[in-house]
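**Q** Residue numbers (my numbering), protein chains in the order written: chain B, 1 to 471; chain R, 472 to 942; chain C, 943 to 1413.
None of these hints come from the bench; they were simulated from the model.
Label-pair ranges, simulated between beta-carbon atoms:
1) R:Val544 x B:Met1: 50 to 58 Å
2) C:Gly1149 x R:Thr696: 40 to 48 Å
3) B:Ile253 x R:Arg787: 24 to 32 Å
4) R:Ala734 x C:Thr944: 56 to 64 Å
5) B:Arg161 x C:Asp1200: 49 to 57 Å
6) C:Ala1221 x R:Glu770: 32 to 40 Å
7) C:Asp1200 x B:Arg345: 32 to 40 Å
8) C:Pro1091 x B:Pro8: 55 to 63 Å
9) R:Asp491 x B:Met1: 38 to 46 Å
10) R:Gly678 x B:Asp258: 23 to 31 Å
11) B:Asp258 x R:Val544: 25 to 33 Å
A few chain B residues that face chain C, going by a derived Cβ cut-off under 8 Å, partial list only:
12) Asp15
13) Arg68
14) Gly74
15) His315
16) Ala332
Ideal Cβ placement from N, Cα and C applies to all residues, glycine included.
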Amino acid sequence: MTALAPHPDRLFPADPGVRDIARRLYAEVATAPILSPHGHVDARMLADDEPFPDPAALLITPDHYVTRMLHAVGVPLDELGLARDGRPSTADGRAIWRRLCEHWDVFLGTPVRLWFETEFSEVFGLTEQPSPATADALYDQLSATLADPAFRPRALFERFRIEVLATTDDPADDLAAHHRLAADATFPGRVIPTFRADRYMHPDEPGWAARLERLSAVADVDTTTYPGLLEALRRRRRAFAEAGGTATDTGVIDAGSDPLHEAEASRIHRAALDGTLTAGEAAAYRRNLLYRLAELSAEDGLVMQLHPGVLRNHHRPTFDAYGPDTGHDLPAVGAFTRPLTPILRDFGTHPTFRLVLFTVDETTFSREIGPLAGFYPSVYAGAPWWFIDTPDAILRYRRAVTDSAGFTKTSGFIDDTRAFCSIPARHDMSRRVDASYLATLVAEHRVSEEDAAVLARRLVDDIPRTTFRLG
Amino acid sequence: MTALAPHPDRLFPADPGVRDIARRLYAEVATAPILSPHGHVDARMLADDEPFPDPAALLITPDHYVTRMLHAVGVPLDELGLARDGRPSTADGRAIWRRLCEHWDVFLGTPVRLWFETEFSEVFGLTEQPSPATADALYDQLSATLADPAFRPRALFERFRIEVLATTDDPADDLAAHHRLAADATFPGRVIPTFRADRYMHPDEPGWAARLERLSAVADVDTTTYPGLLEALRRRRRAFAEAGGTATDTGVIDAGSDPLHEAEASRIHRAALDGTLTAGEAAAYRRNLLYRLAELSAEDGLVMQLHPGVLRNHHRPTFDAYGPDTGHDLPAVGAFTRPLTPILRDFGTHPTFRLVLFTVDETTFSREIGPLAGFYPSVYAGAPWWFIDTPDAILRYRRAVTDSAGFTKTSGFIDDTRAFCSIPARHDMSRRVDASYLATLVAEHRVSEEDAAVLARRLVDDIPRTTFRLG
Amino acid sequence: MTALAPHPDRLFPADPGVRDIARRLYAEVATAPILSPHGHVDARMLADDEPFPDPAALLITPDHYVTRMLHAVGVPLDELGLARDGRPSTADGRAIWRRLCEHWDVFLGTPVRLWFETEFSEVFGLTEQPSPATADALYDQLSATLADPAFRPRALFERFRIEVLATTDDPADDLAAHHRLAADATFPGRVIPTFRADRYMHPDEPGWAARLERLSAVADVDTTTYPGLLEALRRRRRAFAEAGGTATDTGVIDAGSDPLHEAEASRIHRAALDGTLTAGEAAAYRRNLLYRLAELSAEDGLVMQLHPGVLRNHHRPTFDAYGPDTGHDLPAVGAFTRPLTPILRDFGTHPTFRLVLFTVDETTFSREIGPLAGFYPSVYAGAPWWFIDTPDAILRYRRAVTDSAGFTKTSGFIDDTRAFCSIPARHDMSRRVDASYLATLVAEHRVSEEDAAVLARRLVDDIPRTTFRLG
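Excised from the complex, chain B in its bound form (with noise of 0.2 Å):
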């Protein structure tokens, strides 16, 4: 049996003297209060604050970062606890555990592996790595654990110290769980909706108009026309306003952005339900509602994030028998200079739109999204997402973006995860490897330790806080 006891100075650099640089402006941050301002917890985890259910249903099966790479060394989906062909896993939750156990090593050297080793011991208390040998006495610490009412939601959610969390929500949502949190006066957390429009920008996609006709419902508006869908959009983000959200985010495979004029647009829509509908005219459409959703941005102040390039559900037969986010939505070329070329020409240095730029192709952080964030006011740099939100893309993002970008104009980190028990483990990587990083500058004389420690000290507070407007 190992010891599981992450080491005070991990991701820290090496040289002796740069890491008590970095150990000195990492204490400066260390239990600073997270600010998780993009992710994807169910708000409702927190609403209902029922105990979570067993370890693997917490830690693994939801998570497709940990289901991936288990599935690329052969271990099936079903056998991980996800349901295939519409039926539940036989996989009991020991069972899926003791995959990952036996399966352990193939995370050296990854981020996942690092979360875990911190989730694990800071959160979860276990002081053995998994392995064949542990896994059982592991997994009973875990379930017991995990029904002590001092591991309920509410209860990790304050002693994670999360001051705000965003969660990610349809149009159609109703946000009841928001609202229930809001009117409880017994959680003094902020949680508040982030409005994603992308299941309307598709009409070529099934199910499109039974999306529009719930929209319709929820929104009071009749979408069955473009200008229709708009008001729609219009209305349910004044609703997410309300109910605290500060940002809308939108995913898709290209940044194009060309506005449509509304006969064009409105035509299209029609085609759309009519079944007609060719694949030029649904890029076109998706396109344009990219335009208007800026538009709808500088209008109403809600912070645009923007993620495009992954190409979502790659292996069709993983997509029919396991559905969507099963680890096989996958990265493509990135580009942003051009295609957004509409949008900031209309709204780049509109007083209140405000755009933040993530990526997967990390080719875009020198190349485009540093010298973009360098000249607009409302362009900030998103922080690294998804395949590179690890130790040394990170480092590589700083050193991309630096040059032309500064840090003002820098995101700050966000955890973008569904693995609610991770956030203080995925902040702390981003808050050692920011330290590093500001280290690494200080000793090479190009940044004062004065400066370093604000800035860091500004990369978990101010800078959040500005980019996404969250007061």
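Given chain B, work out where chains R and C should sit, using these hints.
**A** Here is chains R and C on its own, set in the frame of chain B:
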């Protein structure tokens, strides 16, 4: 008030052993003369040798590296001295300087701040960091300094140890300032023109016909025909060479270089003058002209510099109000291997032809520029440029290009600046970073320290001399 | 004269603490047997076991890594021994060797120099650096050495501790040399063929029909029809497997893999033989064949290696004079996620299928290859290749790919060389760089030293064995 005192070890590696090596290698080149084979200083400034205007007009307003970043944090460009809609800015020098001092922290970690710190300290003798509290005193000190004859352009040229300074000039420029300088026995410096014909390559741009007319007058050849334009360019290249020029420069959106038959090029030329040009024809004409510029370089031996991949004037409203070169020329994806195929097929091994490739897309360093320079005798890997003329990107360039092109086929540093007083700081940064890179190779036993010292000296001496045929 | 004495710590990190860890990790693998699952050594060389020819013919002329760089600094290829226009070079071995010695400094900082230094020192016992002054003495020493029976191919094979050496072979190759080696009880080494069908995938290339005929003869099946070609490829794959082959290789310009219906593929096949093929049809045919090769791999279990993204024979005049593989195959943009969709949809989770992805475009490491290998059980992230088979690029690869694919889903090192005597030097470089990467993870407390030692051993043993099904 915080001291302004650039550290003697700035930009060297933090590891004590490697830093010692870097110090020794840097010492080999710290005071070497400056060869500046590519930049944007105006030759008239040196020919007239008038005192510089106020500090803001010297240091801030004309430098889009500085103004774009202040714009990105919300300062309108007219508050930085830029003329808007043809009306001069009402902001006076002191007010503009204060804006920089107020926002000094947004430059933390950026190369602009490092250049400024070195320049303020070593050129102007400032000893305090800019801040709202120090703004006025620093402004007064700078103003007083600029009145000193020792701070006139020629005195600084000498003090900066500039051996060669290349300007960038339109083919229709009569090079009067260059001739005045050459004829002035009291000025021993070498200021040479660079032939930049970009404005003749885009028959779809407003003003193209008028520019042809001006060129016709200077070159004394009819440019209303395509062969006439080629002949005019050939003659002006000869005039530039006679004025000491050794190189040309071209900045186009892509490196496409397919030649056209003369009849087809002539047809498009006429169509452009007749106002019947299509977008496709304009692109074909531009690519043909790029090929012809290569052909002329093979003929007359002027070194061809190529800077593709920048989308000019990305924000149309800023262009309309403030004109070009105002901070929103923004990078797009770069490519060389494919689009340069015609030029390299025909001139790649030509004994006279020489092509220096620059990029703002770092992905091309290891993928295209290094391999091309590592095969074609005519091709040189240009130093990082513009957004990537930074300590980290220079290191990335060396790590990417050395593998396939070594040092001999790199261009040597170019400062590419219109900020005359920043020239020593920029070259100093480059020398420090190259010393650091070489020191790492030495410390990792990849190159001997003796060889590294030779390379350090060559990088600021025979390598740029050879690349740019400076003699 | 400068001593040639590769430092025992070469390529290890400069920080003393990290270097100590790297030394210990390297010691775990320094003398491990060499598995070379991808390369270009000719099996006949080992079957014949004749003495090597003169030093230049062994070390310089056939190695385009070396000749391209000398060409880039102005040495014509015929002065390096390459036959021009079908006429043998008139340069003798000593003259060629002198050219390398004259230009030895242009290799400073490149991997070619590091490989040569290790090879010259450790294989041939040279103790002085090449230079004009030492050229003749070194040439004499090398010539004498090559006459020694201990320097015949098989003796070196054993001395190099090569356990498996995979060659690269045309499907029409009769594999006679492999059979001779297998039948020779005095040679215990394992030399296995790799099936590379590139030359049958381009029906637009001159000689395609003639190649089909040769293949037809070897496979004993009519290849004038498309199904006949598929059957011939299937049969030859079986023959390769029976000769010990475990893998195929494919080098195409892009990874497009859209299957065609058999009727359409047959139609294009006939059109190609009839001389009526279009460029679009040729590309469609090639992409269909890539899909069919994947289908065959799923069927027979030969590991599919894919090396896309190289523009072959970029400089037409050099190709016309000197033929292929003469240093001007040059990289272009790479892509995997999109173009491999058809193959991965149909075979991505197939239990027998295995696909190793190589690239010369580093941007694909974190964006595409890592994420694909981190989901699909069949996909492995190939080691850096060709222009990026270098110390810095190997580090970048690890830093980019480990995040999403860990170590288990990487391929292990491949030397990809036709320079037999450089094989130990290349594997040694890889082992040193991997030890350095792992040492950094240990020093940053991201992986324990115990785990790192296990990983170091796995990277030269079970990881390549598993990836390439070496048994």
